[in-house]
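Participant: Chain residues, written in single-letter form:
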Amino acid sequence: MRPLLLKGVRPYGEGDPVDVLIRDGVIAEIGSVTADDVEVVEGSGAVLLPGFVDLHTHLREPGREDTETIETGSKAAALGGYTAVFAMANTDPIADNAVIVEHVRRRGVEVGLVDVHPVGAVTVGLKGEKLAELGTMAKSAANVRVFSDDGHCVHDPLIMRRALEYSKALDVVIAQHAEEPRLTVGAQAHEGEQAARLGLQGWPAAAEESIVARDCLLALHAEAKLHICHVSTTGTADVLKWAKARGTNVSAEVTPHHLLLTDDRLSTYDPVNKVNPPLRTGTDVQALRQALADGVIDCVATDHAPHAVQDKDCEWAAARPGMLGLQTALSVVVETMVKTGLLDWRGVARVMSERPAEIAGLPDHGRPIEVGEPANLVLVDPDATWTVRGAELASVAGNTPFEGMELPGVVTATLLRGRVTAGRIPA
Amino acid sequence: MKHLLSTEDLDRAAATSILDTADNLKRALLGREVRKLPTLRGRTVITLFYENSTRTRVSFEIAGKWMSADVINVSAGGSSVSKGESLRDTALTLAAAGADCVIVRHPASGAAHRLAGWLSAAGTSVVNAGDGMHEHPTQALLDAATLRERLGSIEGRRIAIVGDVLHSRVVRSNVHLLAALGADVVLVAPPTLLPVGVQNWPVTVSHELDAELPSLDAVMLLRVQAERMHGGFFPSAREYSIAYGLNENRLGLMPEHAVVLHPGPMLRGMEIASAVADSPRAAITDQVRNGVHLRMAVLYHLLAHEEENS
Chain Z
1 MRPLLLKGVR PYGEGDPVDV LIRDGVIAEI GSVTADDVEV VEGSGAVLLP
51 GFVDLHTHLR EPGREDTETI ETGSKAAALG GYTAVFAMAN TDPIADNAVI
101 VEHVRRRGVE VGLVDVHPVG AVTVGLKGEK LAELGTMAKS AANVRVFSDD
151 GHCVHDPLIM RRALEYSKAL DVVIAQHAEE PRLTVGAQAH EGEQAARLGL
201 QGWPAAAEES IVARDCLLAL HAEAKLHICH VSTTGTADVL KWAKARGTNV
251 SAEVTPHHLL LTDDRLSTYD PVNKVNPPLR TGTDVQALRQ ALADGVIDCV
301 ATDHAPHAVQ DKDCEWAAAR PGMLGLQTAL SVVVETMVKT GLLDWRGVAR
351 VMSERPAEIA GLPDHGRPIE VGEPANLVLV DPDATWTVRG AELASVAGNT
401 PFEGMELPGV VTATLLRGRV TAGRIPA
Chain Y
1 MKHLLSTEDL DRAAATSILD TADNLKRALL GREVRKLPTL RGRTVITLFY
51 ENSTRTRVSF EIAGKWMSAD VINVSAGGSS VSKGESLRDT ALTLAAAGAD
101 CVIVRHPASG AAHRLAGWLS AAGTSVVNAG DGMHEHPTQA LLDAATLRER
151 LGSIEGRRIA IVGDVLHSRV VRSNVHLLAA LGADVVLVAP PTLLPVGVQN
201 WPVTVSHELD AELPSLDAVM LLRVQAERMH GGFFPSAREY SIAYGLNENR
251 LGLMPEHAVV LHPGPMLRGM EIASAVADSP RAAITDQVRN GVHLRMAVLY
301 HLLAHEEENS
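Line order of the protein sequences matches chains Z and Y.
The letter at position 174 of the first sequence is residue 174 when you use UniProt numbering, and the numbering goes up by one with no holes.
The letter at position 21 of the second sequence is residue 21 when you use UniProt numbering, and the numbering goes up by one with no holes.
Because the hints were derived from the structure by calculation, they are not lab data.
Being a predicted model, the structure only gives us computed values, none of them experimental.
We treat Cβ as the ideally placed atom computed from N, Cα and C, and that holds for glycine.
Hints should not be assumed to be uniformly reliable.
Unchecked claim - Output of the computed footprint for chain Z on chain Y, the stretches with three or more beta carbons under 8 Å from beta carbons of chain Z:
{"hint": "1", "region": "94 to 108"}
{"hint": "2", "region": "197 to 209"}
{"hint": "3", "region": "264 to 275"}
Isolated chain Y, as found in the complex (with noise of 0.2 Å):
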């Protein structure tokens, strides 16, 4: 694996190799005094963030120091990208600094897909940490992970994906990798988030989420953009969470053993309720623990592992 571009690019196998090397770097790191693997020693890892992230860069910094890889922070506020300096001119100068791998977060769909074509002379890989509405693939593996550490198996179970499907990179990741990994996906929205085309992809869909509750192994919330509450695509905030809103109510409809996810950040009272987000049905923070484990195997598939790959 040279670049992690798009989960439509992983297979079932290629996506458990990634799910078993993150279990077994996690095992590996339980109990530990000092959580830190030589790996990665004298390899340079460049976060280059074009829009504001707290977990996922964060998951990716602690990921790369865990395995001592060298790790920089670009952001697009303190770098020359903030004087006009284009995408393509800044990846060149980070190749020609030394970075071993760009992992990239861009507001433009595809960003990741270009950058991996200006870096390939360079020969550094490149992680999409998220491009526009596209995808964002490290956040499908991690859910994946922590679906297949919860539930056992991802493999034929029913797994809805509620809200803003239209604008979001994680539902396009999530139905590629779940698709793969044999799982039965609902996507659950009113029609004006879901888009034109869904029909086509591997995927049920549903404007009602109380019908679907009952048969649901794990239910996946989209946090809903202020920008959309504003943007006519649904008449108010209220009656959103009125049909959409995942309460203590519907979580009684869901199956004892189903879990709730949600990729961050929340917005409790909307589209999930505080109690639902605190209970022990939640596997929220889960995510984000397993988000470190499942970056640190990544890097691994993308920086240690080329020999076995190639």
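Next comes chain Z alone, as it looks inside the complex (with noise of 0.2 Å):
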């Protein structure tokens, strides 16, 4: 592979355009670079940032491969600028074993445009009863970092703790999809105004603060190491701030749609607004910026999840519940937090590449943009603007949210050790 340079790119943003050379996958050189025998890649002043790591995708392989395969979701996440995502585990067959975590490791080396982790299942069969081999599947060949129930909470205090305890020989992280599950029977919207009025049973913010609260103290008292997924409530936020002061080792991420939509769009019934958690409300909307911006949530995962037609064309109660986002998380992101003013491009950096990889304990991605450091890149071009059309996305699904919407910053390119994974592949 012939070194690859990138002419005139701003790294975080900031400062005059440089260029930066990349050679066998590594940062070569940052500066006024002139050198022959390589590719060119025009930055035109975008931004330059290390590539982007999602916590939570769901690809569907195995299982639904009628609505992502870890190729598609590989594609849909280079494109959205990723060069890292972990693979939920509630496919069918469920990842609570080493068979399957294996599997998807494989497929996605396979595909190579992303690095592809397999999270394994807490308990097996997601059922809450039981761990799973976290340790078996932990030091296999596809070296799980994250555990999670994704889609189900672990909801039995004593395994929860038992798994936040054994996680720690391990060095592993428990994700916790908090949702209390006798207080979310047949629960379809945010428990509030909206879900009053159009008559779907109420999902109430405090179902969620009540684990993540439980989750903490369990935590610290385990001294173990604790993530909370897609949180939505604002009482979630308060509780994270007041966890993290007394040294609770608690990280926790929000969703693209979770900055973005309220529950005002449900007036319309279309189950493509369904998620879970539910859209909230606009102040739960703001309570999360701003949980963003003060690092009391640590980063932006996707929770990308793609649905069937036929999943989501019926009426609302069955519907699935979920979204894609991986090709949209950027520009929700710019919308939401930069143009609002509430962080940087060092701030995206820190919440879609940086904190993630520490999270999960990736040591290869969200580094640093220096000399020596892997090229695990992406470049985007702050200006421009694009129309989001499920069709046109790279998963098999289309079940966007943002169906139409203008959205500001564009992936022009995202490079994996070096490699152009998406966008303009130079001649």
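Take the two lone chains and join them into the complex the hints point to.
Facilitator: Right, here's the structure in full:
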């Protein structure tokens, strides 16, 4: 592979444009570079960031290849600026054993567009009753670093305590889908004004907050590492702030859709807006943005959830929850966090790349843009806008809630260990 | 009017127009030996019911027949629905077969809205005959017709709705409609049977039925469904009945002119005492009777009145 020269790019969107030479998958030189026999990518002043890391992706393979495959999901990830994604365990069969996680890992390597890291299930069959073989999965060829029953809450406090304790020996993180199941039986929408009007069974904020509070207490007690998936309420942000202040080793993610959309969208009963946890209120959206800016919420994760047409083009209660997210995440973050002045580009690098890589313990992602560092990078045109069309996204499914929206920030190239995985591939 | 999905879509003029049409139809049929108007001859009306219902389905069927429409009843148990066909495919099938109007009852809130979206290209009208916990607009309209008949007017009248507000589609339709017609609505229920967010509704909320009764012009009782009795919403049927059941003593606390409504089916001895249900103060059979005329009026506005409305 010939060396690659990024001409005229602005690391973290700061300072005058510089050239970045990439050789053998590593950043070899930064400055005013003149080199022969290199592939040149014209940066035109684009923002250069470390490649994004998504802690929460549903790639649907094995089991629902009619909605997404590791190949199509990897393409979507690369186009969205990602260099590493964590594929959730709720596949069919479920990734609760070494055979499945190794298969997912191997398929990711074969496709080669993004580092696919399988997430292992915390409990057998995601049933919340019996710990899965976390150690076997962690020590397998898949090297599982994150465990989650996502889609289901590890609701039994004793099982959760054991999982947290056991994870310490493996130096892995337990990622909790915080949803008290008794408080959310049949729940369809955020419990509040909209759900009351629309006659949709309520999903109370307290069902998330109570589990987050409980698990923060358990994590502190067990001196273990805890990660909270898709934080969606003001109250959860408050609980996290409190827990962090008293020394809990807890991290948290927020999805792009919870940063932008509210339950006002439910009036049409179009299930493209159905997601779990549900879209909340405008007050929650503002609180989540602030919490992300303040570091109370550590990172953005997509919860990319492809679904077939028949699972969305139906009545609300029958529809599956979830939304596409990989290709729209950056633009939503630019819209909600950068344009509002809540984050600068260094902040974007923190919440999209550095913190998620740290949380999962990925040594080669989320690294500084410095000579000698791996060339896992993304180039962003900050001034360009684009209009989201579900049918044009790389995913098999097209269930984007951002359909027709014009969003700012375009990924012009993604580099995985120096290789262009998306964008303008040099001649 | 293309569809009737929600009373939230009806302003005072639109609602009054439907109520007036129902009055006119009632008068037109009064004393006739053959209760049949030719208005909807050649039009096909399909009732598509995914939940058991006697009164609503029969009421719509009679309404259609008295207007000379061809009425076909489809129930979820006796069709390809039971073979797992999607709501969308069923709807498109009925439209392709020539339905001018689909009257749908479905356990999912919003099902009628979805149906209207899928059928808009075919030009088929949709009437919501009850969608989950959302709305039941013709019930609210027939309640309004009955209140107007009994009280002479609705504007400024104080009307209590008592019972399971949380799960009731009848309440949601009534709250919007009665607010549009200028009534003063009070919801009476234990806090467990009121939705979070009710404070934003155009109503007042009370947990004390006895305190409300003396100022009421009408009380509307809601059926307490068996699953609520076991769902921890209140300690026991007995305690509910003691606090919220309308018995003869409570009837006595209401003004002489005040009327009692119930959308049915009633649980006698639970939310309503038998003596109250059968008293002349109760307008429960009037509601059923008015339901037919009201639904005739709705079909008229949807299927025969298009030119004037569009």
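Participant: Each of the hints needs a verdict: does it hold here or not?
Facilitator: Comparing the hints with the structure gives:
1. Only residues whose beta carbon comes within less than 8 Å of a beta carbon in chain Z count, and the region 94 to 108 of chain Y has 3; three or more means the coverage holds.
2. Note: the region 197 to 209 of chain Y has 4 residues with beta-carbon separation from chain Z under 8 Å; the three-residue rule is met and the coverage holds.
3. Evaluation of the coverage hint for the region 264 to 275 of chain Y: breached, as 0 residues show C-beta separations to chain Z shorter than 8 Å, against a requirement of three.
Going down the numbered hints, you'll see the structure goes against just number 3.
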